[in-house]
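Required output: the full structure, derived from the provided sequences and hints.
Protein chains in written order, with my numbering: chain A, 11 to 468; chain B, 320 to 495; chain C, 103 to 498.
By construction, these hints were calculated from the structure, which means they are not laboratory data. All residues carry an ideal CB built from backbone N, CA and C; glycine is no exception. Treat each hint with caution, since some may be false.
Stated by the list, open to error - In silico SDA-like cross-links for lysine to any residue, where the CA-CA straight-line distance does not exceed 25 Å:
hint, chain 1, residue 1, chain 2, residue 2
1, B, 369, A, 231
2, A, 373, C, 286
3, C, 302, C, 376
4, A, 205, B, 369
Stated by the list, open to error - Cβ pair distances, simulated, as ranges:
hint, chain 1, residue 1, chain 2, residue 2, range
5, B, 399, A, 458, 53 to 63 Å
6, A, 371, B, 331, 41 to 51 Å
7, B, 331, C, 494, 55 to 65 Å
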Amino acid sequence: MNTTVDLEVKRRPLVTGNQTFESISDIVCKPVEATPPKWWHIALLGSITLLALLMSMIGYLVWEGIGVWGLNNPVGWGWAIVNFVFWVGIGHAGTLISAILFLFRQKWRTSINRFAEAMTVFAVICALVFPGIHVGRIWMAYFMFPIPNSMAMWPNFRSALLWDVFAVGTYFTVSLLFWYVGLLPDLATLRDRAKTKTKKIVYGLFALGWRGSSRQWHHYEKAYMILAAIATPLVLSVHSIVSFDFATSQLPGWHTTIFPPYFVAGAVFSGFAMVLTLLLIARQIFNMKELVTMRHLENMCKFILATGMMVGYAYAMEFFMAWYSGNPYEQFAFTNRAFGNYAWAYWIMVSCNVLSPQFFWFKRFRNNIKLMWVISIFVNIGMWFERFVITVTSLSRDFLPSSWGYYSPTFVDVCTFIGSFGLFFTLFLLFLKFLPMVAISEVKGVMPEANPHHKEAH
Amino acid sequence: MSTSYGMIAEFDGPGSLFHAAEKIRDAGYVSFDTYTPFPIHGMDRAMGQKASHLPWLSLIGGLLGFTIGLALQTWISLDGYALIFSGKPLFSAPAFVPVTFELTILFTAFFTVFGMFGINKLPAWYHSIFNASRFGSVSSHGFFVSIESADAKYDSKETRAFLKSIGGSHIEEVEE
Amino acid sequence: MDKTHRLTGFLADKLPKWSLIIGIIALALGFLLGHSNDQSMYLSYLTAYTFFISIVLGCMFLVIVQHLARGGWGVVVRRVPEQMMATIPTFALLFIPILFGMHSLYEWTHASAVAHDHLLQMKAPYLNVPFFVIRNIIYFAVWIGIARYYNRKSLAQDYVASDDEAEQITAGMQKRSAISILLYALTVSFATFDWMMSLKPHWFSTVFGVYYFAGAVMTALCFISLTYMILGRHKHLDTVVTKEHYHDLGKLIYGFVIFWTYIAFSQFFLTWYANIPEFVQWYLPRSVGPWRTMASVLVWGHFLIPLFVFMSRHAKRNLKVHSGIAILLLVMQYLDIQFLIKPNFFTDIHFTLVDVAFLIGIGGIVLNRFLVRLKQESLMPVNDPYLQESLDLEVY
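Here it is as structure tokens:
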């Protein structure tokens with residue numbers, strides 16, 4: 011064997027360290043069964059504080075009205091919509107990992123999918139907060155749904171904003187179902203391992219009496235397969251519909267036909283970055299390096315690079331087309347992005363999203379955990395700025411110079427956004443404590459020993 | 320007086336369980352099942368199980384969602400609240416695509432998940448098989464086979480001997 | 103064990119010979135029949151050309167992406183796309199008539215038109231004859247480079263003596279896949295803009311490149327499926343390429359049918375909704391008269407029929423159904439190209455004898471180049487490290 015070249019051709023094992031079926035259950039269940047460490051309590055306290063901040067900001071908003079935000083004319087969409095798109099975007103990695111990688115038989119997904127799915131569900135919850143509160147009179151939010159009412163009024167189905175209600179609502183519901191179906195066998199594991207009566211009852215209740223029967227597995231696997239097959243177009247549709255909020259308009263910088271796939275690529279990009287950010291910490295703290303191996307992390311880096319390049323492709327195409335269009339408004343919209351009043355935001359976006367992932371071309375950096383983590387943070391920041399650039403820059407400089415303006419957030423905007431992280435992390439920490447963060451049965455299923463013909467002659 | 324649910328035997332891994340299932344199937348038993356911590360590929364064939372009908376349920380769900388989505392929007396836009404928005408015709412097929420699509424997916428998902436629960440008879444918070452003394456390991460590392468007393472071929476003694484002959488250990492009769 | 107399979111019989115001897123002869127005659131006939139109306143003739147040529155090159159470009163993508171993803175299942179069905187993409191130099195030669203026809207095809211080459219058109223003047227730094235030629239030279243250079251590299255390495259791998267060497271070669275191909283895909287994405291996008299979008303130089307769409315790409319990959323997959331079925335009927339690889347592989351190919355076809363629809367719908371939908379004149383101008387001629395009918399044909403044939411038929415696992419594994427869908431989609435891709443090109447110039451469906459002649463002409467020549475390459479080497483990459491994985495494939 012030639013050792014001068016580091017060959018990656020050979021398939022590396024998905025689980026390292028001589029694991030058995032039992033030891034996998036042990037590793038994954040340990041954080042759930044052990045008393046939570048001190049840092050967990052501290053982190054939860056911090057998160058709940060932030061959550062309280064979010065709640066008070068929402069309360070203040072409802073009491074005072076939308077005027078407490080930095081919105082003005084012409085910038086009628088500010089941080090609320092930016093945060094909404096940011097969180098929905100993050101919520102795309104989970105279902106992508108569960109569904110698309112499942113369909114492509116990427117077995118390495120099993121170590122990270124549960125984690126990412128949980129993140130998806132929580133991120134979508136955070137996202138749902140923003141359109142809910144930005145309507146202003148939130149007690150009227152039921153207008154968004156086709157509910158018969160005494161005024162005989164119905165929603166407008168030709169509005170992009172209404173499609174969002176259905177898209178994000180469906181996405182949340184299906185992600186939750188998908189997550190729960192995946193959890194079912196693992197809840198049974200926790201039930202069977204439970205030492206206290208309360209745990210046994212609660213986990214038993216949610217495990218629905220799962221008994222690992224092969225006759226049940228048969229239908230279960232079919233259901234999982236179908237869910238994956240329908241979740242794949244769903245993932246594409248959700249962020250495409252979010253992009254329609256912008257792209258169906260006539261505003262230069264918003265109306266461009268590449269928006270749907272571009273938003274989807276960006277969503278996957280940001281979602282993967284967020285998964286990586288959290289996963290790197292969790293695998294360190296919970297000692298899961300044998301389940302979440304370097305191979306998994308490297309694959310994640312490659313995904314980030316690939317989707318980052320797609321986002322870069324879209325930036326480039328937009329710019330080229332703006333010039334090629336010959337339309338002065340289009341051209342202005344894009345020159346203004348790069349060199350106008352919000353140029354700083356634009357360049358933060360480009361350097362975070364396009365430049366920083368370039369490190370991942372090199373194996374050396376794909377194996378450097380610290381750098382990986384830093385880049386994943388950069389991508390998160392960059393993707394937030396991308397939505398900021400799209401939303402605010404375009405609005406602040408529309409057709410008539412007389413109606414131009416500049417938007418700055420108020421402390422309420424900033425605190426609401428920071429508070430939304432409180433909501434996210436509160437849910438996430440509770441997840442880490444009460445549910446298995448790795449799909450136990452799925453990881454066992456991809457171990458070589460799980461093949462009934464393992465060790466038999468081929 | 321308790322009645323018997325059936326006979327349970329433990330096996331040491333996916334391979335031996337797989338071959339045991341094949342032998343039980345070939346011996347002519349029908350009411351039997353295997354229990355594993357994770358799905359074993361090919362087990363449905365080893366046990367002689369027919370293809371799942373679940374996809375048909377999903378398809379029905381999808382068609383239902385599609386119809387409801389389109390009908391809802393059409394009725395609201397043409398009759399329920401007929402207003403011209405942004406110069407679009409009352410019936411704007413392209414504009415109805417997103418919601419129709421989402422509802423198709425939503426209904427498919429509901430039918431798939433709850434259909435799967437229905438076919439598998441879940442939730443089943445009580446099941447006789449849990450009475451087996453070693454069954455708790457099924458969700459971690461245990462591989463079991465059960466032959467139910469409802470099976471025509473079931474005979475307490477013979478079935479026990481048969482399970483032993485195909486390599487089962489810790490054979491135990493489970494109460495209803 | 104020698105797993106080398108070589109193409110023999112009718113497919114190796116008579117077919118390449120006859121396809122070349124018929125191809126050249128048809129091509130000549132096309133030019134002869136068409137020369138009375140240059141514009142119409144060159145449009146027919148461009149249509150046939152962009153149809154066939156979409157297969158080749160799709161094959162190129164599939165080969166690169168298999169190395170990029172380090173995929174194992176598709177090894178046994180990789181030789182056909184590898185050999186097909188290697189016909190790209192022939193396409194560089196076949197591009198020459200388009201250069202001659204530029205004046206008939208592209209409004210922006212007319213100095214008089216540009217002089218009276220502010221927009222065209224603004225676009226002149228990009229849309230001008232020398233730069234167009236240079237760009238196309240770059241595209242073909244990139245494609246020939248990629249195709250030659252992957253083709254040669256894979257063929258060389260057939261002859262290596264040890265597993266180590268084979269792995270070295272695969273490692274090299276994997277390593278270069280990322281940069282290849284990047285170059286591929288850029289060149290294909292701009293080639294699409296140049297060849298088809300600039301037929302209507304006032305119109306633009308950022309997603310246009312992706313649109314053509316989606317159709318191209320789908321078409322290439324159909325071509326690959328059909329080719330292996332034909333090879334199988336002639337007792338080549340019929341025991342190696344099994345239903346499992348067709349199942350996977352079918353899934354990919356299905357995926358790309360949906361992807362194409364997604365892109366096509368997005369582009370149409372955003373244009374329709376915003377209703378801005380400069381965007382709508384492209385769809386207006388396509389939404390009236392016979393082109394409207396063509397649009398519905400595409401909705402049915404390019405989306406709905408494959409969507410419902412190929413939903414079933416059994417359909418993908420049934421070679422009759424599978425080949426039916428593949429043929430349908432090849433036809434649809436051709437109609438789609440017609441739909442992209444012709445309504446810019448004609449209000450009626452424009453399908454003439456010249457179109458047929460060029461289809462047969464370019465098709466025949468390409469078929470010859472493809473088969474000649476195919477018969478020289480093994481029909482399967484015999485030393486690929488993932489070969490066993492691919493042979494053992496089981497789809498569930």
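* To do: Tell me, in ascending order, the numbers of any earlier hints that this structure violates.
  => As far as the earlier hints go, 4, 7 are violated by this structure, in ascending order.
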